[in-house]
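My request is simple: use the sequences and hints to build the entire structure.
So the protein lines, in turn, are chains A and B. Residues in the first sequence are numbered consecutively from 45, following our numbering. Residues in the second sequence are numbered consecutively from 8, following our numbering.
There's no promise every hint is true.
[What the hints assert, rightly or not] Taking lysine-lysine and the BS3-like style, the derived pairs with C-alpha atoms no more than 25 angstroms apart in a straight line are:
#1 B:Lys22 to A:Lys203
#2 A:Lys154 to B:Lys22
#3 A:Lys154 to B:Lys415
#4 B:Lys309 to B:Lys34
#5 A:Lys203 to B:Lys29
[Said to hold, decoys possible] With the Cβ distance kept under 10 angstroms, some of the chain A side facing chain B (calculated, not the full set):
#6 Glu83
#7 Glu88
#8 Glu207
These are computed hints drawn from the structure, not numbers from a lab. Note that CB positions come from ideal geometry on N, CA and C, so glycine has one too.
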Amino acid sequence: MLHGCLNNIASAQEALYNRFSPRMLGVCYRFARNREDAEDMLQEGFIKVFSQMHQFRNQGALEGWIRRIVVHTCINVLKKNKKFADSVDLIHANSIHLNENNIHSILQAKQVVESIRLLPMGYRTVLNLYAIEGFSHKEIAAILDIEESTSRSQYTRAKAMLEDILIKKNIIQKPRMRMGLTALTK
Amino acid sequence: MEREFYTNDLESLLKENADQFKMIPSKKVWHGIYNDLHPGRRWPSALMSLAFIFSLVIIGHLNTQQSKHSNSTNLQNNSQLKGTALQSDANIGYNTNSENKISQRSVIPQTDKTEEKLTDVAVKNTIPFANSELTNTEKNYETGVINTGEKTKNGEETKNLAIRNNITDLEYINRFTSPEFSETVISPVDFINVNINDATSEATNDDFLKHNEPNENNATSFQVNKVFNAGIGMEPAHVPVLKVHRNPNVSWTYYLSPSVSYRTYSNQDANITTNQILDKDVTQHPSAGLEAGTIMKYSLTKKLKFLWGFQANYSAYSVQANNIHPVMATLLLNNGGLPYTVSSISFYGNGPGSAPVNLHNYSLQLSLPVGLEYKIAGNNGVQLNASASLQPLFVVANGAYILSGDKKNYITQSSLLHRWNMSSNFGTFISFKSTKFNWQIGPQVHYQLFSSYSSAYPLREHFIDYGIRFGISKIAR
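Written as structure tokens, this is what we have:
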């Protein structure tokens, strides 16, 4: 499959796309405002994947390499569209009210992702990069052109807000003193 | 990554759940990637789109031409007296018979020439053939066409006919045609048109003749005006013959087919449920469907015709299920031999629920039928025909409740639905020939060749419609 992709063979590219696109769309969806934006990000990301396939060294997991490209693509799209910059405002973020009607208690993974997407774009992006994609605050600061301290503070606030959302959705319970959060078993 | 990935309970929860989250992208994403990576190759949908647009343009163009002819013919048909016509704009029809009353609808432009208006026109003529005495007693109030009522003795005296009207020169050739014949003869008892160039001044047929010498463009018009003279003062033997040609090889058919729609299931994977087993687990019923369109037929031989047209098709079936407490339902999918699952919330199931619900699976399609028609038996009046066609189609709208892997729940997953497909159509029909049209009626079967779902879904669904086609056909001109 990799060999076919390197030779620009459409069937091999489609096979690779079919294998990784569902998970990568899930990644894009966490960054994007809606599904359409996520699909645009996915399309752009996979075009980069196929055009830069020769740079893959076979030294790590292919999925991780693709995911990294897709995440960077998402960030670039957000920065290009100024969607990220427009929504980093922390004051604005604090005024977010949860709509209880949107809360579903069925699919935990979907609920968690949807909960993340309830966060303001700036919070969401930092949280996605730090907590899920594993970037450091220094890397995030470089990627997003912000101060490292800003990344830290946004992450702290994002985490607090997300905890609040997840508690309201009954996905996690309120933490007791000196005890961590407990995920509810569904 | 530079940092040690610090995880607390929340972060591990987020990571764990976020990594599990998958979504099926729509087909357009891959199409976009494909077109970007392989710009030299044409995507089938582009060709289909071009063919679709081209067909619409051709059909529209041909229909427009046909409607122009129809307008002219309708004017004749509305005449109470066969062959007598009163044309719009200064075209006045005279009948060579005496004491004829002519009443018909005529298309008359307004003074600003921007729109046309249908106006009932009634003219009463008294024109003895030999004496040519003409009296018009009624006038057209809409356009100001006024007959002075002066009597004329012969063709020369028609100068006294004054027509005050804001109209311009116009050459109408009224073609008297009937579908039974490929050519028609206009005789003196048919109609005669007079064109008036200056609406506000007196005009005569002679003036018109002077200014409208026969040439290649107005030869027919000139002939008709000669008919006028012949009708009033010339010998009938001098009357020219106007021949209208048509192409009997091409005909247009408009049809409507109410149908009963259902689906058939087949499996891509032998491990998945068979059709019979599936029917035991689900309760699905046929629904009403509809098919409408137009087809151009071109005669290849005496018995064989080539078909090409445009069609809209609506197919549907109903799913009897129950409203249930929302549960997670899983679709078993397959991507290039790699099985994976997609979970989604389901509100409907086959098991016990709070209330029964009737779900509607439907597909609205636009297609381009291409096929053949064969005459099995019959004569010119009644025929038995069979036709078959292939129809590349585009799904304009659809709704599908997809059965979950365990066959217990229904999920909506639009990304699994095909937008492009192909269907086949087979039918027989009896055609009856009336004066102007050819009527058709007969049974037909419409079958969707490829599955409604993408190849990732193991179950293949094919719509099938059993219908009765009602058609009306007319020879194109």
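Against the structure, the hints come out as follows:
1. B:Lys22 to A:Lys203: OK: Lys22 of chain B and Lys203 of chain A at ~13 angstroms, within 25 angstroms.
2. A:Lys154 to B:Lys22: Within the cut-off at roughly 12 angstroms; holds.
3. A:Lys154 to B:Lys415: Roughly 21 angstroms separates the two Cα atoms, so the pair holds.
4. B:Lys309 to B:Lys34: violated, 45 angstroms
5. A:Lys203 to B:Lys29: holds, 23 angstroms
6. Glu83: For Glu83 of chain A, the interface hint holds, since the closest Cβ of chain B sits about 5 angstroms away, which is under 10 angstroms.
7. Glu88: Glu88 of chain A check passes; min Cβ-Cβ to chain B is 9 angstroms, inside 10 angstroms.
8. Glu207: holds, 6 angstroms
Hint compliance for this structure: hint 4 alone is broken.
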